[in-house]
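S.K.: As a plain string of letters, each chain reads:
There are 2 protein chains.
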Amino acid sequence: MPAVKNKQILLASRPVGEPSPANFKSAESELREPGEGEILLKTLWLSLDPYMRGRMSAAKSYAKPVEPGEMMVGGTVSEVAASKHKDYKPGDVVLSYDGWQQYALSKGMGLRKLDPKQAPVQTALGVLGMPGMTAYTGLLAIGQPKAKETVVVAAAAGPVGSVVGQIAKIKGARAVGIAGGKDKCDYIVKELGFDAAIDHRAPDMAAKLKEACPNGIDVYFENVGGAVWDAVFSLLNDFARIPVCGIVAHYNDTTLPSGPDRTPMLMGAILRKRLTMRGFIVWDFAAQEKDFQRDVGQWLREGKIKYREDVVEGLEKAPEAFIGMLKGKNFGKLLVRVAS
Amino acid sequence: MPAVKNKQILLASRPVGEPSPANFKSAESELREPGEGEILLKTLWLSLDPYMRGRMSAAKSYAKPVEPGEMMVGGTVSEVAASKHKDYKPGDVVLSYDGWQQYALSKGMGLRKLDPKQAPVQTALGVLGMPGMTAYTGLLAIGQPKAKETVVVAAAAGPVGSVVGQIAKIKGARAVGIAGGKDKCDYIVKELGFDAAIDHRAPDMAAKLKEACPNGIDVYFENVGGAVWDAVFSLLNDFARIPVCGIVAHYNDTTLPSGPDRTPMLMGAILRKRLTMRGFIVWDFAAQEKDFQRDVGQWLREGKIKYREDVVEGLEKAPEAFIGMLKGKNFGKLLVRVAS
Chain A
1 MPAVKNKQIL LASRPVGEPS PANFKSAESE LREPGEGEIL LKTLWLSLDP
51 YMRGRMSAAK SYAKPVEPGE MMVGGTVSEV AASKHKDYKP GDVVLSYDGW
101 QQYALSKGMG LRKLDPKQAP VQTALGVLGM PGMTAYTGLL AIGQPKAKET
151 VVVAAAAGPV GSVVGQIAKI KGARAVGIAG GKDKCDYIVK ELGFDAAIDH
201 RAPDMAAKLK EACPNGIDVY FENVGGAVWD AVFSLLNDFA RIPVCGIVAH
251 YNDTTLPSGP DRTPMLMGAI LRKRLTMRGF IVWDFAAQEK DFQRDVGQWL
301 REGKIKYRED VVEGLEKAPE AFIGMLKGKN FGKLLVRVAS
Chain B
1 MPAVKNKQIL LASRPVGEPS PANFKSAESE LREPGEGEIL LKTLWLSLDP
51 YMRGRMSAAK SYAKPVEPGE MMVGGTVSEV AASKHKDYKP GDVVLSYDGW
101 QQYALSKGMG LRKLDPKQAP VQTALGVLGM PGMTAYTGLL AIGQPKAKET
151 VVVAAAAGPV GSVVGQIAKI KGARAVGIAG GKDKCDYIVK ELGFDAAIDH
201 RAPDMAAKLK EACPNGIDVY FENVGGAVWD AVFSLLNDFA RIPVCGIVAH
251 YNDTTLPSGP DRTPMLMGAI LRKRLTMRGF IVWDFAAQEK DFQRDVGQWL
301 REGKIKYRED VVEGLEKAPE AFIGMLKGKN FGKLLVRVAS
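Taken in sequence, the protein lines are chains A and B. Take 1 as the starting number for the first sequence in the numbering used here and just add one per residue. Take 1 as the starting number for the second sequence in the numbering used here and just add one per residue.
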């Protein structure tokens with residue numbers, strides 16, 4: 001097999017505030033053919049996820065940032081296009097972390113083979129992948145919802161929030177979702193079985209949330225921050241648990257909000273209400289991956305968990321789709337179909 | 001036995017900001033003699049604790065506030081002065097919650113008999129009582145210090161902080177204490193065995209704390225808030241645990257500090273560093289009282305835990321001593337000797 005042309009999308013410059021298309025650039029290069037023990041992977045699906053906004057920044061975090069000029073990172077589902085590795089043959093489909101590009105060379109490290117008969121392969125990037133496991137581990141290990149308790153989650157039509165709410169229901173809790181717009185709100189109640197949906201664009205969002213949580217909030221799965229957090233804050237019950245998974249409303253912030261400084265108010269509430277707030281990333285719970293695959297796999301087969309995908313076609317659409325996602329424009333797990 | 005004259009100290013008015021002597025008033029009344037099944041208790045020791053500042057406020061909290069005109073509440077060690085209760089005889093000493101007064105009538109509910117041979121009876125208000133158990137449960141159940149980790153606590157010469165640091169040492173951790181002034185700093189290092197002490201009045205407190213925590217901070221036992229929290233914040237390690245026990249620096253606040261609003265900064269750190277913050281009051285861990293009595297009792301006998309008392313004489317001194325405590329004027333567990 002001859003060398004292949006490989007298109008990549010690189011970080012052109014670090015965004016200040018909201019990312020723009022100018023922060024990305026395309027690059028094309030030739031990829032040599034795989035050597036002994038190597039595999040050539042063709043990207044089928046690229047996952048776009050909010051955490052990538054963090055990687056575009058220089059700020060210290062749990063993972064090292066992408067440097068300007070480097071390729072954007074990301075989870076992928078790929079097909080083996082050529083193999084000189086004993087464990088892989090052309091046509092095998094794998095979960096990989098190849099980033100925003102059409103092809104990649106691999107030595108097989110960190111790959112997981114996917115069985116298309118078990119589930120559509122791209123679910124390994126969504127409900128059966130990192131977002132689903134984020135929901136599962138954060139909600140169950142930190143949130144620990146009990147029957148009759150109230151669980152609130154924002155971005156509730158998204159790949160994490162939708163699973164949070166559905167697992168809350170499975171555990172017998174009341175699930176209240178916050179989402180942007182009527183379509184998403186209808187979807188989470190009518191399709192996913194949430195007990196109530198609040199449109200975060202509604203001017204009386206806080207009042208609506210209070211109405212939807214007559215017994216207060218016992219678990220708030222935090223993935224947005226901002227105005228939603230403010231609305232949730234006063235409704236938190238004693239002993240409420242708050243898994244902190246993301247604060248997407250703040251990812252584009254360049255300065256802190258103007259005052260007063262409400263940190264003492266938060267500390268006071270943590271104390272008086274005996275709140276538990278705990279930040280996590282999914283890999284902190286890597287040991288629970290088998291439990292996750294078993295449980296969520298079963299709930300999917302039983303129809304207790306549903307999911308939705310938002311697919312854009314072609315790698316070149318990734319920057320625009322990613323920028324839109326940070327504004328809540330996607331409806332379901334955002335995927336780029338890079339090839340088929 | 002005839003009726004006794006009983007002096008009480010009442011909440012005269014709710015403080016705005018720092019309490020002043022004018023917020024308290026004395027009252028004298030006659031107490032009838034105990035009826036069948038009742039005990040007359042003579043207060044020997046009254047405990048003064050920071051949580052009482054909360055009770056003086058109308059704000060909703062885990063306990064109902066004291067109303068103006070009502071007696072100030074508080075833990076006491078009392079002697080049975082007269083008894084028509086089969087389980088108590090004159091001379092028995094009990095732990096009770098009789099408040100700021102010289103005498104009380106009791107039906108025996110909630111009393112615990114104390115054995116003066118086991119430990120000085122007033123330790124039931126300090127190292128072997130609520131403050132000691134606050135330290136024990138908050139540090140061990142939430143902070144979970146491991147050997148070699150760094151534990152930081154403020155008000156480190158006080159009845160809670162001193163026990164936090166000493167238990168941290170027993171568990172093999174590095175204990176760094178923050179206290180007000182050279183005497184207290186010397187005491188916690190030389191007497192209690194802390195690894196380092198920082199004077200919170202020093203202008204370069206944050207730099208000194210950083211120096212004393214070369215490997216960052218794994219457990220911060222929060223009982224003050226304010227400038228200490230600010231200094232601790234940037235030194236917190238990934239996966240740090242923060243039992244939130246009090247924010248005494250803010251108890252007299254009438255407004256929030258001026259901006260910017262640093263709440264998103266805190267949320268961001270909780271997320272990136274995967275912090276656990278959890279508020280608690282000691283009675284949330286009531287089930288651990290036996291473990292506490294066993295362990296701390298043994299550590300006391302072995303000399304692994306030391307304690308210090310700051311005694312003021314006479315009930316009428318309670319308001320002034322209490323006001324001073326909120327400013328850090330006490331040195332050791334603050335007790336009022338009401339009678340002997």
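Where hints are given, some of them may not hold.
A pair counts as met if it fits within one copy or between any two copies, since identical chains are not told apart.
With a Cα cut of at most 20 Å, we get these calculated SDA-like pairs of lysine to any residue [said to hold, decoys possible]:
{"id": "1", "residue 1": "K273", "residue 2": "E33"}
{"id": "2", "residue 1": "K306", "residue 2": "F331"}
{"id": "3", "residue 1": "K64", "residue 2": "V311"}
{"id": "4", "residue 1": "K208", "residue 2": "E320"}
{"id": "5", "residue 1": "K25", "residue 2": "E320"}
{"id": "6", "residue 1": "K60", "residue 2": "G108"}
{"id": "7", "residue 1": "K171", "residue 2": "V312"}
{"id": "8", "residue 1": "K273", "residue 2": "P65"}
{"id": "9", "residue 1": "K64", "residue 2": "N237"}
{"id": "10", "residue 1": "K64", "residue 2": "F239"}
By construction, these hints were calculated from the structure, which means they are not laboratory data.
S.K.: Please go over all the hints and tell whether each is borne out by the structure.
M.R.: Do the hints match the structure? See the list:
{"no.": "1", "hint": "K273 / E33", "verdict": "neither (60 Å within a copy, 41 Å between copies)"}
{"no.": "2", "hint": "K306 / F331", "verdict": "within (14 Å within a copy, 61 Å between copies)"}
{"no.": "3", "hint": "K64 / V311", "verdict": "neither (28 Å within a copy, 55 Å between copies)"}
{"no.": "4", "hint": "K208 / E320", "verdict": "neither (32 Å within a copy, 48 Å between copies)"}
{"no.": "5", "hint": "K25 / E320", "verdict": "within (12 Å within a copy, 69 Å between copies)"}
{"no.": "6", "hint": "K60 / G108", "verdict": "neither (29 Å within a copy, 58 Å between copies)"}
{"no.": "7", "hint": "K171 / V312", "verdict": "neither (34 Å within a copy, 55 Å between copies)"}
{"no.": "8", "hint": "K273 / P65", "verdict": "between (37 Å within a copy, 15 Å between copies)"}
{"no.": "9", "hint": "K64 / N237", "verdict": "between (37 Å within a copy, 17 Å between copies)"}
{"no.": "10", "hint": "K64 / F239", "verdict": "between (35 Å within a copy, 18 Å between copies)"}
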